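Use these hints to put chain L onto chain P, whose structure you have.
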Amino acid sequence: MATFSVHVTIENKLGISDPEGDTILNDLVLKGTHKTVSKIKTAKMLKFTIKEKDKKTAQSKVQEICDDLRIYNPMVSKVIIDVFEN
Amino acid sequence: MSLEDQELSELKSKIGREPTPTELQIVAAEWSEHCSYKSSKRHLKMLPMTGPLVINEKGYDSGVLDVGDGYVVTAHIESHNHPSAVEPYGGAATGVGGVIRDILSAGTRPIAIFDGLRFGNVEKDLQARWLFKNAVTGIADYGNCLGIPTIGGEVEFDECYENYALVDVAALGFGKKEHLIKNHAKKGDIVVLMGGSTGRDGIGGSQFASDSLESEDRSAVQIPDPFIEKLIIEAVLQARNDGLIHAMKDLGGGGLSCAISETADALEIGIEMDVDKVHTRESGMHPSEIMVSESQERMLIVTSKIKLKKLQTICEKFRIGCSMIGQVKSDNQVHVKKGKKTFANLSADVVANATLLDLPSKKPVYLKTIETEKKFKPISDYSKTLMKLLSSPNIASKIWVYGQYDHEVGIRTVVKPGKDASVLRLDNGKFLSAKIDGNPKHCYINPREGAIGCFEEACRNVVCTGAKPIGMLDHLQFGNPKDPEIFWTFLESLKGLTDFAKFFEIPCVGGKVSLYNETPKGPIKPTPVIGVIGLIDKKPSVSQKISEGDCLIIIGNTKNELGGSEFFEYVHKFVGGKCPVVNFDDSKKNMNSVLDLIKNNLIKSAHDCSKGGLAVAVSEMCMTNQIGCTVSLDKVPGDKLTVDRILFSESHSRYLLSFDKKNLSKIKDLLKNNKISFKEIGKFGGENIQFNNKIQSVVKLNVEKTHRVWLNSLSDLILHGKTS
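Those sequence lines, one after another, are chains P and L.
Everything in the first sequence is counted per the numbering used here, starting at 1 for the first residue and increasing by one.
Everything in the second sequence is counted per the numbering used here, starting at 1 for the first residue and increasing by one.
Just so you know, these hints were derived from the structure itself, not from any lab.
Fair warning: this is a prediction, and the values are worked out from it, not measured in the lab.
Watch out, some of these pointers could steer you wrong.
What the hints assert, rightly or not - The calculated lysine-lysine pairs, modelled on PhoX-like cross-linking and capped at a C-alpha distance of 25 angstroms, are:
(1) L/K398 / L/K388
(2) L/K705 / L/K679
(3) L/K277 / P/K39
(4) L/K521 / L/K133
(5) P/K44 / L/K133
(6) L/K230 / P/K41
(7) L/K230 / P/K39
(8) L/K662 / L/K679
(9) P/K61 / P/K51
(10) L/K683 / L/K694
(11) L/K41 / L/K14
(12) L/K230 / P/K31
(13) P/K39 / L/K317
(14) L/K317 / P/K31
(15) L/K705 / L/K545
(16) L/K388 / L/K559
(17) L/K14 / L/K341
(18) L/K133 / P/K13
(19) P/K35 / L/K317
(20) L/K559 / L/K683
(21) L/K694 / L/K679
(22) L/K337 / L/K14
(23) L/K539 / L/K589
(24) L/K640 / L/K374
(25) L/K362 / L/K45
(26) L/K705 / L/K722
(27) L/K362 / L/K377
(28) L/K588 / L/K675
(29) L/K363 / P/K78
(30) L/K186 / L/K12
Said to hold, decoys possible - Computed footprint of chain L on chain P, listed as stretches where at least three residues anywhere in the stretch have a Cβ under 8 angstroms from a Cβ of chain L:
(31) 12-21
(32) 57-63
What the hints assert, rightly or not - Okay, the calculated beta carbon distance ranges per label pair:
(33) P/R70 / L/T723: 14 to 24 angstroms
(34) L/K182 / P/E20: 37 to 47 angstroms
(35) P/S38 / L/E178: 38 to 48 angstroms
(36) P/V29 / L/T355: 50 to 60 angstroms
(37) P/T33 / L/T355: 56 to 66 angstroms
(38) P/V29 / L/I15: 41 to 51 angstroms
Glycine included, every Cβ here is placed at the ideal spot set by N, Cα and C.
This is chain P alone, in the form it adopts within the complex (with noise of 0.2 angstroms):
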């Protein structure tokens, strides 16, 4: 068994609009010397800490987890799952 980290980023799906990045981009970024800045996305972002026997389980079983219990809606966001061994 090897530790991993696992890096879930959950943000909204592509075409869906995001409030909070639009207003980071055109009132804080947009507003200081900073125009080659055209885009700003936010996401919540969980690491977890995890053992498990190789790379792709560490994968799979936070995907799993990250399904069962909610932690983002399919509905409207998506999760990038990017595993480190430690």
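Chain L in isolation, oriented as in the chain P frame:
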């Protein structure tokens, strides 16, 4: 989203050619049940919609009532059931947004929000708990961000809503009569789309699946943005003050398709628009997608060429999108172009007026036996039973819900949520009282009497604040209307509401019909939700603290009407029996008498008897005043009944009045003169809620302990999963 075969051939014969794909989408949206009311419209006409205070103008999305001194109140009710059932936070929040824009479109400022929420059994069903929790948060976040108080509502749980949610939102607006938008337009006027950008969110159905990127990821759910909504409110009201708005409509179900065609049809004009001019969130959107997108926080405004510049300046000031998307024509056509290419060109009359259906109806078979009661095990401990009811999700205090809402922002709220009805202060020195009520348990047993009961209950609540009902909103929620049995329940409810409204001369100023509310286990119970608005000319009845020695009178008869009661359903797990029936004459007499008593300053507080019956109503008075009360059940007027029926029957037209003993004779005289059935049944004092039958004690509960349980049991259940 698609047309049925027969509708498609009808469309073809009306336009004399094959419709284009965009035309099909536009018509499918507008001819949907949601937008066209095709199943219900011909029957809704039976409701009385006029009255001395009602102001009718073409194209209004909300009801308008004249409250005197040059002021008007607007009211509307909407639901967001299907979206809330899949994404409760966004669905409920955008429901609030939609009804707020309906109020705004008459040119009035939204001043209050109400929400009626219904979910499955939260004690057993984790999904129902998740839906409930998130819907409440969605409403709170949206209303609080807008600075509009959410001042009332109701919450109910029933197994018929398993895996589903009914989220009804009502709103009230206030403004000057001279500022009302007089919807009109003439050739050459400009059509403007104001507010949020148009995206692919909220597009129903799957017809775009084959031609869209990541179509499997697209959602039918809209994302709320209350800050844009707040900016729209302020921008629209400024434009209204500057006289820049000729006509206005909010974009709700069906998006631009419905807003454009309904505006064109109501104002008898044509509108030519270019989808390339619509400010979109995503590139590459097809004209059909732009036309039926239900992206939130958008308003359609018709203005003149001269006023356009000023309107654009206002939108710039508030930093909201403002696209000049088309212009008014005189040909009564809805003409949708992309650049120079035409994608749809249909008569507004054809699009906006679906052929109304005359659906068959048949009395449901289940009603034949529903009133038969079964034998129940006798209750050995009524104190325990009452405590169980007081901690049950339907009866327990809803403070966990309304505690999340800012109900005072705007400083109009005089009577806050948690009482019978909330009261708002108006600028002309008058007060507005409002309440929404529903009772699917009664409506399931008797759709007609149940609906009347909801209407009367909302009236009673408003009357308890000293207000005379001046208008009602009806929200009729049923299952699939193509099932004749379901359609029969719809018609019965509607007929009941019509009879009551006519008898009491309370006009219906707005409403909504939501059909096809089906769960995996079948249709929901008939769920009409009725909102009543009352007006108080002088000062409202704000409950005074009840003290030791004060007396308790009950007005109205208690009858053998336990069908659909919380006692039958929660304690005995029995669905059936005879549901309460309103006697119109008694109801009117009782209402007027309570108003007389309040006007003459004779009582400290009035409270209506509803869910859980007399036992729960008395307990609520005791708990909220932190005082005990001893009630003699043998004195309760009405049928000769067993103890459980006197305690828990949910008969209508009953009020509990607390008052100082010195007013007893005056109160008795007034009630006798009005030929009211009433009795002095109790005295306040001590630390216990006590019900006696002759000399025998039936219930004895400590007020403080009971109050703690009643107040906390819903939040304990929702937040910590604790059941009593």
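Outcome of the hint check:
Between L/K398 and L/K388, the direct Cα distance comes to roughly 16 angstroms. Compliance with the 25 angstroms bound is thereby established for this hinted pair. Taking the CA atoms of L/K705 and L/K679, the gap is about 29 angstroms. The hint is violated against a cut of 25 angstroms. With a CA separation close to 22 angstroms, the supplied pair L/K277 and P/K39 stays within the 25 angstroms bound. Of the pairs offered as hints, the one joining L/K521 and L/K133 holds, with about 22 angstroms between alpha carbons and a cut-off of 25 angstroms not exceeded.
A threshold of 25 angstroms between alpha carbons decides the hint, and for P/K44 with L/K133 the separation of about 20 angstroms falls inside it, so the pair holds. For the suggested pair L/K230 and P/K41, the alpha carbons sit about 22 angstroms apart, so the restraint of at most 25 angstroms is met. Distance restraint check for L/K230 and P/K39: the Cα-Cα separation of roughly 23 angstroms lies within the 25 angstroms cut-off, and the hinted pair is therefore satisfied. The hinted pair formed by L/K662 and L/K679 meets the criterion: a straight-line CA distance of about 16 angstroms does not exceed 25 angstroms.
Our distance criterion of 25 angstroms between C-alpha atoms is met by P/K61 and P/K51, whose separation comes to about 10 angstroms. Distance check on the hinted pair: L/K683 and L/K694 sit about 15 angstroms apart at the alpha-carbon level, within 25 angstroms; holds. Among the hinted pairs, L/K41 with L/K14 is consistent with the structure: their alpha-carbon atoms are about 21 angstroms apart, no more than 25 angstroms. Of the pairs offered as hints, the one joining L/K230 and P/K31 holds, with about 21 angstroms between alpha carbons and a cut-off of 25 angstroms not exceeded.
Our distance criterion of 25 angstroms between C-alpha atoms is met by P/K39 and L/K317, whose separation comes to about 23 angstroms. Between L/K317 and P/K31 the alpha-carbon distance is near 15 angstroms, which keeps this suggested pair within the 25 angstroms criterion. For the hint linking L/K705 to L/K545, the alpha-carbon distance of about 19 angstroms falls within 25 angstroms, and the restraint holds. Restraint check for L/K388 and L/K559: the C-alpha separation of about 23 angstroms stays at or below 25 angstroms, so the hint holds.
Among the hinted pairs, L/K14 with L/K341 is consistent with the structure: their alpha-carbon atoms are about 23 angstroms apart, no more than 25 angstroms. For a cut-off of 25 angstroms, the pair hint linking L/K133 to P/K13 stands: about 23 angstroms separates their Cα positions. Taking the CA atoms of P/K35 and L/K317, the gap is about 21 angstroms. The hint holds against a cut of 25 angstroms. The hinted pair formed by L/K559 and L/K683 meets the criterion: a straight-line CA distance of about 23 angstroms does not exceed 25 angstroms.
Under the criterion of a C-alpha separation no larger than 25 angstroms, the hint pairing L/K694 with L/K679 is consistent with the structure, at around 15 angstroms. Annotation: proposed proximity of L/K337 to L/K14 holds, straight-line Cα distance about 21 angstroms (limit 25 angstroms). Simply put, L/K539 and L/K589 have alpha-carbon atoms about 22 angstroms apart, close enough for the 25 angstroms limit, and the pair holds. Distance check on the hinted pair: L/K640 and L/K374 sit about 20 angstroms apart at the alpha-carbon level, within 25 angstroms; holds.
With a C-alpha separation of about 21 angstroms, the suggested pairing of L/K362 with L/K45 holds against the 25 angstroms cut-off. Restraint check for L/K705 and L/K722: satisfied, since their Cα atoms lie roughly 17 angstroms apart, inside the 25 angstroms limit. A distance of roughly 35 angstroms separates the Cα atoms of L/K362 and L/K377; the hinted pair therefore is violated under the 25 angstroms criterion. Taking the CA atoms of L/K588 and L/K675, the gap is about 12 angstroms. The hint holds against a cut of 25 angstroms.
For the hint pairing L/K363 with P/K78, the CA-to-CA distance comes to about 46 angstroms; that exceeds 25 angstroms, so the pair is violated. Taking the CA atoms of L/K186 and L/K12, the gap is near 30 angstroms; set against the 25 angstroms cutoff, the hint is violated. With 8 residues carrying a beta carbon less than 8 angstroms from a beta carbon of chain L, the region 12-21 of chain P meets the three-residue requirement, and the given coverage holds. With a cut-off of 8 angstroms between beta carbons, the region 57-63 of chain P has 0 residues touching chain L; three or more are needed, and the interface restraint is violated.
The beta-carbon spacing between P/R70 and L/T723, approximately 21 angstroms, falls within the hinted interval of 14 to 24 angstroms. Judged by the Cβ atoms, the range 37 to 47 angstroms given for L/K182 and P/E20 holds: they are separated by roughly 39 angstroms. Between P/S38 and L/E178 the C-beta distance comes to about 45 angstroms, which sits within the given range of 38 to 48 angstroms. Checked against the given bound of 50 to 60 angstroms, the beta carbons of P/V29 and L/T355, roughly 53 angstroms apart, stay inside it.
Taken as a hint, the range 56 to 66 angstroms holds for the pair P/T33 and L/T355, whose Cβ atoms sit roughly 60 angstroms apart. Roughly 50 angstroms separates the CB atoms of P/V29 and L/I15, a value that falls within the hinted 41 to 51 angstroms.
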